[in-house]
Each structure stands twice: as structure tokens, then as C-alpha cells.
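> Letter by letter, the chains look like this.
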Amino acid sequence: MTDKPLTKNIKGDKPADLAAYEANGGYVAVRDTIGKKSSSDLLDIIKDSNLRGRGGAGFPTGMKWSFVPMDKTEGHKYLVCNADEMEPGTFKDRVIMEKDPHQLVEGMILSAYTIDADIGYIFIRAEYHAAARRLREAINAAKEKGYLGENILGTGYNFELHVHSSAGRYICGEETALLNSLEGKRANPRAKPPFPQVSGLWGRPTIVNNVETLCNITHIVANGADWFKDLGLGEDSGTKLFGVSGRVKSPGCWELPMGTPIREIIEDHAGGMADGYELKGFLPGGASTDFLLPEHLDLAMDYDVIMKAGSRMGTGTMIILDDQVCPVAMVRNIIEFFARESCGFCTPCRDGLPWVHKILDSIENGRGEPQGMDILNRQAAFLGAIGHTNCALAPGAIEPLASAMKYFGDEFNQHIEEKRCPYSNKNGAN
Amino acid sequence: MAKITVDGRTFEVDDSDNLLEALLGLGEDLPYFCWHPEMGSLGSCRQCAVVQYMDENDERGRVVMSCMTPVTDGAILSVQGEKASDFRESNIENLMLNHPHDCPVCEEGGECHLQDMTVMSGHKDRQYKYQKTTFNNQDLGPFIGHEMNRCITCYRCVRFYGDYSGGDDLAAFGSRGRVFFGRTEDGVLENEFAGNLVEVCPTGVFTDKTLSAHYTRKWDLQSAPAVCTGCSLGCNITVSERYGEVRRVHNRYNSEVNGYFLCDRGRFGAGYVNSDDRIPYCGIRDANGVYEATSAEDILSHLKTLLSDAKSVVGIGSPRSSLEANFALQTLVGEDNFYSGLSAVEAEIASLQLQVLNSDLKTPSLAEVEDCDAVLILGEDTTNHAPRLALSIRQAVRNEAKDLAKEARIPLWQDAAVRKLAQDAKSPLFVLTSSADRLDGIGTGIRLSSEDIALAGINIANGIDGTAEDDADIQSIVEALTNASKPLIVTGSSSACPEIVKAAVNIATALSKRNAETGLLICTDEANTLAAARLSEKPFPTTGADVAIVLENDLSLRVAGATLDDWLAQVTSLVVIDSLDNSISSRSSLVLPAATFAEAEGTYINNEGRAQRSFGAFKPKGDIAPAWDWLLRICHDQNLLTGVEQFDDLLGSIASANEDLAGAVDAAPNAAFRVHGQKISRMTHRSSGRTAIVADVSLHEPKQPEDNNSALTYSMEGTNQDSPGGMKAYTWSPGWNSNQSISKYQNEISGSAGEGTRGVKLFVDSSSQLAALETSPGGNSSAVSVVPNWHIFGSDELTNRCEAIHSLAPSPYALLNSATASKLGVKAGDALKLAAGEAPSLAVMLDDSIAEGCVICPVLEETRAYLHLPTAGDGLLVKDESWTPPADAENIISSDRSS
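As given, the protein sequences belong to chains Z and G, one line each in that order. This note's numbering numbers the first residue of the first sequence as 392 and each following residue consecutively. This note's numbering numbers the first residue of the second sequence as 269 and each following residue consecutively.
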């Protein structure tokens, strides 16, 4: 048994084809499970494994699935894979889908079987052309082998799987906006309750999970919950695809045990800071997480540990802020992205983020005013809490801003007092 | 019920509500935008935030959107606390960032929900210093203006237009801070209920163009509670006037009739009141045939002599005049000489309707229609003939969705969630009509000729009674109706075919034996068809008279050319009482100028037998008077109705002479009614400029006209706020200047708005059982039959006199399939003539969805009377050989162009 289940098939640039995938233990879990184990047994294993969603929120997967009504037999149930990987700085799902597409297909077959879904969709980011193509090839190959489609392996279980390319909005990564988009409607997040487990795609019970989450299912089913729990170093189970981007020596993505210390990820795997640059801070889990500082380097990458430090593990893909990048400019860029990607549904996000962006832009360009900081603080409180808004986009967008103001507030004030960006040689440019 | 604690006080509220509904119902001033009492919650504006505490020990609480949070027993809430009010202040500040500072020139100003909510939320100083988002506006047609820069993105417009009323040409485009609500390109909004956007929009994005044409602020309007006369449904409206002109019509909430919404004919069709065609003075035609204006005194004395000398007098009533005027005319000429003035066909259908109303069959209100879970429409074009009913049927088909939601424990106010859950699930609706129907999209449209619709109806009735039916459509209709808990049959006079109505009655009779909840709704052509039909079963005299008095009735719409000409030739003196010049007044010898609905009180009996009183907003000019008032004065001169002086007296006479109409007395409070000892003011308390109206003549303000006939007054003196709902001249409450203030008067959200709002149902004696009616559907299926096609814009006599409405009316056409066309020897681009040449030419258009043998013709001023002739028979339609097609005639139908 490997300690890197998610990446064990990834070698070189070429994707693992069906033969290679099967040669390395692929579809054994499907053969051993479909029609042989009950869905409730499978659900118990998933619950027991303590797997938490890898898309960013870290919600326990088994608990999520347990809300799917299992008593009703009529009508469709859906399993949707959220492959709309658009969180800035995040590129982990792409690695799996491009290099080992069968891993996702097998994970989805097992997951669908557990919740008794008969139709699956992989909702994939618009720009992931290669991944979409390879997934379609994998689906066709699996179908030919009888792993997918009608009467899987002669067991009488049916599961059709489709790949749907997104039209390209960040908000489609929000699971209910994704469902609306899949239905051909505006990608506005839905109000919850009702949750998708009860009324999801086309009003039917639906589970939406991240690529990495679904891939883990295969290995948990194959190797058991205890094995999976043992993979983690701390409280959380399993491994995780961690990534680092920014001015480090070798940015990249690695499969490491849950609870790996941040320092190890940045210094050992990413090779430490590039020459001439010092670490000033980092966003631990993508653009919509709070800044952490060098003093947090020894924290373990575990959901609850990072939460206690005031941030979120998010997607586990860090963005580095070095000492030669203006934190105001960085936050301005992030807010500009989120303001642009707002679906325009609720007031705080739709109108609040552009205002924040304009204030940050004026501060960065030497036109900031002291009351701008008051407004930013007020807006951060107004936009920053889930429940204030219809979904988590705006609260996520505010996290880097609020933490930047907390940790680098003096630099914001310096911009305003000096009427220029101190990182810039020229006035008004960075 | 549930107990909730709000800022320390405990209340009992309905636990099926959300917190916003409960709090508004308690009278809390809690601002909101996207929630609408009829459309439920969305959760997009985030304005109605309150703080909810876990328990007594929770000191922090969390911000929740009250519209998205169900009432739970024991909930502890803060509405006015700092945390909640700070959030709301921040929210409105953000909401207002891009909103222009154009209130002084915005038509919504002074009745703007956004203004009210901004003030309520406490935001006053704008700190935003950057450029605002701007949009290009669109031309949306003659009714509705578009000013997107004012939009606050509450999504109400698209929810009303698309989700609620089924329109598909208004949508939200774009995303983020640039969401645009409009059409893909400029063009007339296609939905017949688009006008509600004016009231649904919380600010000035969608405005009433017919008001813009002579704009005035709400506070300068003089208004009255009136009843729409555009069709037989009797929707409640607020009609508003300034400087002697009707400025606009707004919805007036009635929980049993129109609720919160009107159709566009009703909303934009009142402009005829201001028409240049109004008859301004009394007049007598002189020896040279020229009309001369005379005084009221002169004309009355002239009439007195005329009537005393006459050996024979007939009175022809009106389906659009008040019950009171019809009664006064009946009294004047005597029952034997009084005719309803309906077409023969409409009289027959109205008489069937009266039989139904007087039986144990159930006639539902529009509110009850929305509860029905299977609907069969038999030959009735609801959208064009009784439009507001179509909107209610659109809600009825959602009962399947509501049932699914209840099963999934999703509260019905969670509108988006209910729609997502149900997707396309709908309660059954069958539309049996002769041409495409707007409701086809939400049900099963079945195209048949009128004769075949009647036959299908008979088969359905037989099927319900247990006869096996071969036809699959009939089987599924029978199954849907018998399985429903509240089945509804809708029919009416739009096809001008009494056999269809009889068949519908028989279906309802058969169904009622199995299910007492069965409803039957019959729609007639006019606002007061039932009143006229009730007073006389005879539609039209066969012989002439020395004096004929025609009350508010353009007879050329109901009696076809030659017959009318013959009759007129036998009448020595034709006396017309009407408001607008028409083809009868132009042939009269004596005319009395009548007030319109906007200037007179009157009782209207709608198609469910509901008597409702309508009040005028202003006193008409000069000698113009309500028709009932003219007739009362003429009666007095003949020593009739002596002692009857006021409107209430006349109503009393009607009640004592007609037991089944006595309920009309209680339709509204009488003239002696007072609130806090005061009359009810038609003008707002901040009415400005009244003293300046005649300042160019005299600085002394003249005495306001008095209203002795109602409890309303032509003044800002008096009270409006505490008046009962049905008597409210306009809706306003402190801090609530827009129509949203209605929630301040409802006993609960969307409940009844105080006493007296809902009218009185007449004909309530339902002890008699209706036997199955004899039916004789036309047997000659090889003959060509003409089916009238109603148009919401253009078919109604009076509203068609408004420029905006008329601009959307069709030209005369004949719509038929190619087989029928070849039988008649015509092709697209040719023309047909009705009734062997009397009626106007109809441009032939081909549509193969039309049943064979049917020729669909629009109901228009020039065609209407001919469409009520017996419809089957050879030689009814002939090719118009003299027709010269317009240069672009080949291109009438776009689909023809390619072939």
C-alpha cells in the first residue's frame, strides 16, 4: 500500500491509460464493491474514514452523503464532480484529471453507488481542455470495459457519467451555482436550505464533491478507513495535494500527509524562498483565505489548526507574499478578481466588492484618503461574515483584505500618508 | 402559531410565515426589497436583516435575513438593536452606491420604495467618491419606460415577468455589478401583465409612459377606489386625476379578486376619459341636422315633452354602464320596454351564467382559482378576454409544485427553492380553443372548431358520468378532472358560442356530483354584462319606437349593420346617453353627456356575481353627469322614482325591487359613512398647489366641489389612512409612500385589507340544482365557421380609444389553415369579406395549427357585431374580389417569406 495514493499513477507527462491504471490496482475497488457490498456499508466506511471535503470548506464527506434520502427509489439521483477549479493559486485537481483521469472515474462510480446515484456530471473548468478530453477518453474506455453505463459488470447497477465544460465563471465552483449553471440557468448560488442532498440538480437529490475528495473514495474503499486515517499526521485523515506558488525556488504541487507542517511544504518541497526574497506572509489555501505570517510556519496543515490561527486551509495551495511585493497591490488584485467574479445576486458582494476595489486602487495609486481605511474596515465587517451574504464568495474575498489590514496596516497608512506606493520607484505605478 | 420575542416584546405569529412576513404583520418598520408579498422570498437584497439569538444567554446573536428565516417557536429577535440596524444601514449604503441622485426628476420620487427604505434604514450621507455604473436604456413599447441606471438589482422584475406571469422576453443579463434587466433588443414587452413592473419595481427603472405623458407626483393626484371596466372580472383599481384629466391607474389590493396585479389593458386603458371624442355638452340636433349645445335644463324639458308625447318608448341598457343607470332606465321606460343591449349571443351566455350563479354550482373567485389543481378551459381565450384570470390560472398550475414543496418540507415562501424543486412539474391544464392560446405553454393546447369544442365538452361530461370515451385527449381530461381535489372549468363568451358554455355547465354539473369543490367560471364580454342581463332577458327590440333611449352602448358592436340600420329607421327620436362619440351618438337626435367610470359612482357585477362599487376620482366638467343621475332627473320629470335623490336612495330602490340584488347595498359604506367623524379624502394630506390651480383667474380659492353621493370628498380634508380598505382613495402610511404601504393595512400579509374591500357576492341562494342542459352542437362540420379572436389591446370598445392601447391593436385579418383557404378559394395575400360584404375586408393569413373549417377573426370595432352572428353556414365568408393587397402583402407572415 502506498502512502501517496492520489499520485501513485502519475509519472511524466502522459496520462495513465486504462491498462496502466488497471495494472496498478485500478478498478479493483469497483470489481470488489459494486453489487457485492451494500451502499450503507460503504457509507459507514466513508464516515469512519473521517474524509473531509478537499474543495476548500472541509465538510465531512460521509456526513454530507448521509443526508441523501435513500428510501425513495423513483426518479434520478445525481453525483456531480466539482472540477471547476478557479481558486487563484490552485491547480491541484488539474494534475489528477490530466495525469490520472481513471482515478476520478473510479472514485465517482464508487461514490455514486454509495448514494445510489444513476447519473453523474463532471463540471470542469472551461480552460481545462486537456483534462476534459482525457476524462472523456477515460469514460469511454471504462464504458467499454463495463465499469460504467448500464448494468455495470452485470450487477444491474446503472451509472452514466458526463463531462460538462463550464462557461467560465469562478462562482460556478460554488456547488449550488454550479447546479444552476448545469441546468442552463444563471450561475447564482441558491439559498440553503434546501440543500442539494434533498433538492439539487433539477430538483433531485444531488451530491457535489471536489475532484480530490472523490478520488480519495477509491483508496478508502480499497484500503479501509483505518489505513486512511493513519495516513494523516494529525487530526485529519489521508493525504492532501498541497501546492505553493509565488517567489519560491520550485513552485509546484505535492501529495503529502494531512498535517504536514507549512515550513516543510515551503522549505523542503518548494525549495524555500527564491534568492534575494524574504517571506513576508502567505495565503495558506488559495486567494480567499486569510494571510498567515512567518511566525505560523510551524503550524500543521490541518483544517482545525489553520482555523485556530485565524485562516483556512482552503484548497491547501499556498500563495506566497514576499518582501518585494506590495501587500496593498496584492490585495487589490485579489479583490478585483472577486469583484469581477461576483454573480451579482446579493447586495454586499455585488456592490460592496467594487467599492472596496476602487478604494484599494486609489490607495495603491497614491490617491488614498484616511477615511478610506475607515470604509475598508466597515466594509470588511459588513461583507466578511457568512450569513451577511448569500454565499461564501464575498466573505472569502474579504479574508485576505481583513488579514492584510491586520498584519500590514502600517503599509496601507504609509501609502495614504506618502500618497504613493512605497514599493514603486515611480509615483502611482507598481 | 408560534411565540416570538421581538426587542423584548412577545407576540404570537403564524409559524408558516417567514420572519419578515411576521414582523411586517406586527407593524414593524422593517425595510426590504426583493421579497414581495405575492412572489415570496429570494434573499438577494439582504436588506431585511434582523439579529436572532440562540437563547436568553446569547448576547451576540447573529445577523439573519428575516425573509429567508422561518418563524420558529421561541425565537428571540432584535429588529431595532444596533447590530441589526448597523447592518441594514451598511447594506443600503452599498445598494445606493450606483443609484443616481435624480429623485427630483425621477417619476418614482414621492412614492419610491427605495426612498422610503433608505430613510427607514438611516443612511443619508454618501461616502462613495467614484464613478457610478451606467447602462443604456431600451424602448420597451408604448406602456413602459426604462431607466436602468436606477436599478438596485433586486430581481423582482424578472421574477414577476418570467416566473410569475410566464413572459420570456425580459431577463437578467450580465453579472457582478453590471446586471442588466431588459430585452435582448428594443421592442414592445410581449407579456400582457408587463405593466405590473411599474409597481413591482421598488424604484424608477420601469415607469408608466402613459403617466409620463402628463406626469404628476403621487401627492398631487386626486384618487378614488374604482373598479376596472375593461373586462368582466372587476379588478380593483385606484384611478387618479389632476386638472380634470385621468393621469394613471394603479392596482388596488383585493385579496379575493385581483390581489396585487392588473393586466395592461386595465392599467393603461383609462386614457379614453381624456379623449377629444368626449361629448362635452348636452345637445339637440337642429332642423339642419347640426348638433347644437344646450343647457341641462333645456334638454331635460325637451325630453320631458318628448317622452310625454311619445306613444312608444324603448330603453336599451348597457353592459358597461352601472347597475344604477340600467335600473333607472328600466324604471323610466318600464320593464317591458327595457332591453339589455347585449348581442343575442352574449345575452344567451349571460342567461346561462345567471342560471349557474343561482344554482348549487360553485363559482370561484380569482383567489380561489389559484387553489384549483386541475383546469379545463373550454373555448375561452382568457389572456385576451379576461386577462387577469389567465394570470391566476398560471398560479393554479403551480399547485403541483406547491404539493411537492410541502412534501419536501420547503416553505412556500421560499419561492426559488420551490421552483427549483418542482422544475417543470405542473398541475394539469387543458386549453380547448380554436387558435393558439397564451396558456398553451403551461398546459395541453387542443385546437378545435367551436362546434368540436362543444362536442368535446359533451363527451367529457359523459366521460365523467361513466361513459367510456375512445378519444385519448378526452380520457386524460376526464382523468385529470376526476382525480383533482379542486377541479375548475373555465368558459365564456370569447368564442361567442353558447353551445360551448352549455357543455361546460354540463361538465361542471357532472363533476359536482362527485366533488362539491368543482368550480365553474364563465367570463362575459363586459364589466357589467350580468347587471344588464339580470335586468332584462331581452337583448334588443325587434320594432322601432317614437323615442328610443340608448344608455352607454355603441349598438353597432352588437347588432350587425343591416339589422341596426333597419331598426334605427323605425326610431323617430334617438336619445343617447354616453361619454364618447360613437356610431350611435352620431346618428342620434339628442345627446346627454355621461360621466365615465373615473367621474361617477356605480355598481358593477363581475362574472362571479360579485357586486362592487366604483367611485369617481373627480367631478366631471360642466353639465357632464353620471348616467344614473341623468336618468334619475328624467324619471323625476315623469314622476317616477320620486323621493330618490342620492345614489344611496337609488341603490335602495334597486334592492327593494330586486331581492337578489339587495347585497349591492353592502358592497361599500354609504354616503353617511364617516371615519373619526370625517369623510374620506381623495387628495393626499400633502396635496400641493390646490390653491394655485385657478390662480391665473383669481387668488381666492374656490370652494371644492361637494360629493353628496359617497363618503369620499374632493379634498385633502378628511382622512384616508384609517378608512376601510375598499374605501381607500390611495394607499399611504407614514414612512411608506409607495404602494408597498398596503402591508400596513392588511390584517396579515396578503390577508384582507380591512373591512369592505372585497365586494358582496350576489345570487347566494344556491339551493337549486341545475339539471343537465340540452345541447345541440352544430352538426354541419363541412361548413366554414368564424371564430372571434379577442385581443387584449383592440377588442375592448373604450380602452381601444387610448392611443397607447390602439397602437398595439391588430388590423382586420382572417387566420385559417390552407385546406380551409382552398375551400374558400383564397390564398395568403387575398382578403375575405364577412357577412357577404357588409363588414370590412379581412387580410388572409395562413396558419396550419388552426382547425379545419375555422376562420379566426379579430374582435374589433368594425368586426365585432358580425362575429356574434350565427357562425356556421355557407356563404358567410366570401372572397373580396376588389381587394388590392398592400405592396408588402406577400410578407404579412414572416414564415411565408422563405417559402
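I should point out that these hints are in silico values taken from the structure, not numbers from a laboratory. Do not take every clue at face value.
List time: in silico DSBU-like cross-link candidates among lysine-lysine, alpha-carbon distance up to 30 Å [to be verified]:
id, chain 1, residue 1, chain 2, residue 2
1, Z, LYS583, G, LYS670
2, Z, LYS797, G, LYS670
3, Z, LYS583, G, LYS351
4, Z, LYS583, G, LYS397
5, Z, LYS797, G, LYS971
6, G, LYS670, Z, LYS749
7, Z, LYS576, G, LYS392
8, G, LYS754, Z, LYS810
9, Z, LYS583, G, LYS392
10, Z, LYS810, G, LYS400
11, Z, LYS699, G, LYS1029
12, G, LYS674, Z, LYS749
13, G, LYS674, G, LYS271
14, G, LYS351, Z, LYS576
15, G, LYS271, Z, LYS749
16, Z, LYS671, Z, LYS583
One side of the interface only, derived from the structure: several residues of chain Z facing chain G at Cβ under 10 Å [to be verified]:
id, residue
17, ASN571
18, VAL589
19, TYR668
20, LYS671
21, ASN756
22, GLY757
23, GLU760
24, GLN770
25, ALA772
26, GLY778
27, THR780
Note that the structure is predicted; figures quoted are calculated from it, not measured. Ideal Cβ placement from N, Cα and C applies to all residues, glycine included.
> Check the structure against each numbered hint from earlier and tell me which ones fail, lowest number first.
Result: hints 2, 4, 5, 6, 7, 8, 9, 11, 12, 14, 15, 16, 19, 20, 21, 22 break, sorted rising.
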